[in-house]
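There are 2 protein chains.
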Amino acid sequence: MQLITVGTVAFDRIETPFGVAEKTVGGAATYISLAASVFLDKMGLVSVVGDDFPEPVMQQLRDRGVDLGGLEVLKGKESFFWAGRYHYDMNSRDTLETRLNVLLELDPKLPEAYRKAPYVMLGNLDPTVQGKVLDQMEQRPALVAMDTMNFWMDSALEKLKEVIARVDILTINDAEARQLSGEHSLVKAAGKILAMGPKYLVVKKGEHGALLFGQGRVFFAPALPLEDVIDPTGAGDTFAGGFIGYLARTQDHSFDNLKRAIIVGSAMASFTCEKFGIERLAEVSREDIDQRIQQFVELVDFDIELVES
Amino acid sequence: MQLITVGTVAFDRIETPFGVAEKTVGGAATYISLAASVFLDKMGLVSVVGDDFPEPVMQQLRDRGVDLGGLEVLKGKESFFWAGRYHYDMNSRDTLETRLNVLLELDPKLPEAYRKAPYVMLGNLDPTVQGKVLDQMEQRPALVAMDTMNFWMDSALEKLKEVIARVDILTINDAEARQLSGEHSLVKAAGKILAMGPKYLVVKKGEHGALLFGQGRVFFAPALPLEDVIDPTGAGDTFAGGFIGYLARTQDHSFDNLKRAIIVGSAMASFTCEKFGIERLAEVSREDIDQRIQQFVELVDFDIELVES
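Sequences listed follow chains Y and Z, in order.
Last residue of the first sequence: 309 in the working numbering, with the numbers rising by one and none dropped.
Last residue of the second sequence: 309 in the working numbering, with the numbers rising by one and none dropped.
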């Protein structure tokens, strides 16, 4: 196993000003694994679904190198379901419904082959579950990245902080960075959050890009301006999957390589926004990604010679 | 004259979560002229003030190469006054009070020496006044840039569009680009706005940076993540002043040079945010600016080699 991912595998109902997807496959671990599979051959997935989850999607994951030995299938039960509606700006959304279903019973047991994985991605989930995954690793992984959200800051802050202290990289959005630190300035927020344990902090800003903080340095990657944003659901998870997949492939944890991983993750996230659910991500080729990375290079490239006084 | 600027010269009362400035010098033309003066020796300013406007500030402008022959001083009248309050996020604000005062009488008459200026910056102001400035130019300037805001889209859209059709570069924020075009996607919005006449569109996104569209290309510049944002008032005008000042100095209107001008403008705007009013901008040296531009280079710099499949 090169990477194991824990997170939701789910159904989503998504409303946007431009359309509705009634029941589409989603979940953090689904997006993360699909994105990481572009760079890796052998991944593990830790989650739980009901027996309503479609076998073709599971086969699609297996075909892309995702082992499902860690995916529990509960007979006669329903998979986690989330329904949300995006506002006109497509950058904010309301949750309309959450049916936890099988998620209530998620008590992860890692298959033997998962316990020595060098890379671990803790997708957004109850921090208690994230902690249990780390507890079962036989040795400290080479790199642990963690995603979370404001819900856990509101409901399980102490447990959340315990897990944050055990990871190398935390990814959250700008509002969450402000909430977690109590600082409005993202520079100050990053300082406080890095003091909680992680070596690096990635602040995701949706259509406004992402910031990487760590080692006293800061890097900014824009989001690609898109002609059409159809559905941003899973963009953050796709970002995380491309990011950790690239790191696991290159096995280089320097700041400069993390910058590259951010660009790769941003490029992949831009694809996810172009269609509903996992549809666009599942069809993306390495050539598509290379082309999009080139667009990022051009988007921010400038050379400047200062004018003499 | 290398550059002439029309815009407000005013007093501001500014409330932020971190403090209050009761009566500080502001106004679009003030910020634009101060910022541009870093690159230029001979500028003109077209505006109107009351005799309450402080002579030391006028002298400060003259000392920096800003000719005030176009600044009418109305005896016994009060200068334009604006009061605003910033929200906790410092990215949005409410206008608490606007006293137009002398601004109601602004009927610009350009001094002879202004009428052949190669660079013109139309600061945010009634589009009728912006148009009158263009009408008085003896020849088509080499470059005309224009700033405006949603207020004029709501109250004087047809007149605004007439002026937009006459300029080379339009600078507005992202909400305004969406309003003016009726398109949510900034890529589509840019297409529609460029079809109205300008060769280039600069979309200002405050703490989220700026986008440049034109010639079928797009460029993104981040805002520098600041430890403390004290007062963003005038940041957009400082950006515009640094931008047009750099262009007037280099006299190169290529897309690549506009990218540099965007970086210069962004660097200068970051200083304005560090203190109330014009205080920080007025003390900035060329060395400060060079150093900050270097921070922008480092902020977005990455090199990427794609991983072989």
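Read the hints as simulated data drawn from the structure, not as lab findings.
Owing to the predicted nature of the structure, the values given are computational and were not obtained by experimental measurement.
Idealized CB from N, CA, C, for every residue including glycine.
Be careful, since some hints might not be right.
Claimed, not checked - Under the rule of at most 30 Å between Cα atoms (straight-line distance), these lysine-lysine pairs were calculated in the DSSO-like manner:
| no. | chain 1 | residue 1 | chain 2 | residue 2 |
| --- | --- | --- | --- | --- |
| 1 | Y | 205 | Z | 75 |
| 2 | Z | 205 | Y | 259 |
| 3 | Z | 275 | Y | 205 |
| 4 | Y | 205 | Z | 116 |
| 5 | Y | 192 | Z | 192 |
| 6 | Z | 23 | Y | 205 |
| 7 | Y | 75 | Y | 109 |
| 8 | Z | 275 | Y | 188 |
| 9 | Y | 275 | Z | 275 |
Unchecked claim - According to the in silico footprint, chain Y covers these stretches of chain Z (three or more CB under 8 Å from chain Y):
| no. | region |
| --- | --- |
| 10 | 70-79 |
| 11 | 129-141 |
| 12 | 186-192 |
Numbers of the earlier hints that this structure fails to satisfy, in rising order:
1, 4, 5, 6, 9, 10, 11
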